[in-house]
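Enquirer: Sequence:
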Amino acid sequence: MVRMSLKHALVLFLAFASQSLWAANLGVTPVAIHMGGAVNRTTVSIVNSGTDAVTMQAEAIAWKRVDGVDQDGETNDVMVNPAVFTIEPGQSQIVRVGLRRPNDQPVEATYRLVLREVPVVREEAPAAGTTVRVLVAMRLPIYVAPNQVKFDEQWDVKSDAKGNVIVKLQNRGNVHYKVGSIKLRADDGKSGGVPLASTTEGAVLFPGESRSFNLKQAQQRSLPRQPVTLEVFTDRGPQYISTELNKGD
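So for the sequence shown, my numbering puts the first residue at 1; every next one is plus one.
The hints are simulated quantities; they were obtained by calculation from the structure and are not laboratory data. Misleading hints may appear alongside valid ones.
[To be verified] List of simulated lysine to aspartate or glutamate pairs, EDC-like, C-alpha gap at most 16 angstroms:
(1) K168 - E108
(2) K150 - E108
(3) K168 - E231
[What the hints assert, rightly or not] Distance windows between CB atoms, simulated:
(4) P102 - D160: 44 to 50 angstroms
(5) I61 - Q170: 51 to 57 angstroms
(6) Q219 - G27: 26 to 32 angstroms
Treat the numbers as computed from the prediction; the structure is a model and nothing was measured. Positions of the beta carbon are idealized from the N, C-alpha and C atoms, including for glycine.
Can you build the whole structure from these sequences, using the hints too?
Expert: Laid out in structure tokens, this is it:
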């Protein structure tokens with residue numbers, strides 16, 4: 001379970017599907033929605049663990065990425081019910097999410113479920129010194145897989161003259177690939193211990209996208225010339241990629 005401060009409530013899409021999110025006394029499960037094939041509908045659970053009732057608005061929007069920049073837009077592809085609801089303290093609400101049509105494209109379709117807290121006018125004036133509460137706004141990614149899913153990632157690992165390790169990833173599949181952390185190991189990657197280099201920099205790569213990651217060495221030392229293993233934490237679980245460590249300029 002991930003507990004986030006209120007100022008971080010907007011940064012949702014890099015959380016993993018197996019986790020829950022907590023923000024302003026609201027718990028949301030799951031934080032990533034996967035549909036496609038025979039799965040054309042699902043549910044999201046929102047729990048109010050606070051002491052005040054919370055009114056929320058829910059809607060689905062299109063999520064595109066152009067030249068590495070996220071772009072939101074309107075969509076009629078996804079149904080959300082209910083669109084507006086109030087959750088009393090200690091209670092929960094189920095939001096139903098469904099597809100109006102299947103994904104007939106060769107690549108994954110992407111959307112976002114936006115949950116916004118609706119401001120409520122209170123009759124009583126706030127007491128002196130009362131903390132102003134920021135309204136919650138959360139975005140959950142919606143991934144709709146194509147009929148035939150293809151996983152295909154290409155990795156390239158290089159080290160420069162200063163000992164920096166650069167890992168380049170290209171997503172050649174037709175669905176997204178989410179990275180949570182990367183560790184470079186000299187063995188098969190499963191024995192544990194201190195890695196040669198690592199990063200906790202996360203990213204979601206759409207089909208056709210590339211991304212470079214800079215790994216920091218645990219301690220400055222000569223890197224091995226033999227094959228190495230990348231231990232990658234993804235939303236599909238940990239993966240171990242055997243590869244060569246190339247020497248760059």
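Enquirer: Hint by hint, note whether the structure agrees.
Expert: Structure-based check of each hint:
1. K168 - E108: violated (22 angstroms)
2. K150 - E108: OK: K150 and E108 at ~10 angstroms, within 16 angstroms.
3. K168 - E231: holds (14 angstroms)
4. P102 - D160: 44 to 50 angstroms: For P102 and D160 the Cβ distance comes to about 47 angstroms; the hint holds.
5. I61 - Q170: 51 to 57 angstroms: At roughly 28 angstroms between Cβ atoms, Q170 and I61 fall outside 51 to 57 angstroms, so the hint is violated.
6. Q219 - G27: 26 to 32 angstroms: violated (40 angstroms)
In this structure, the hints that do not hold are numbers 1, 5, 6, in rising order.
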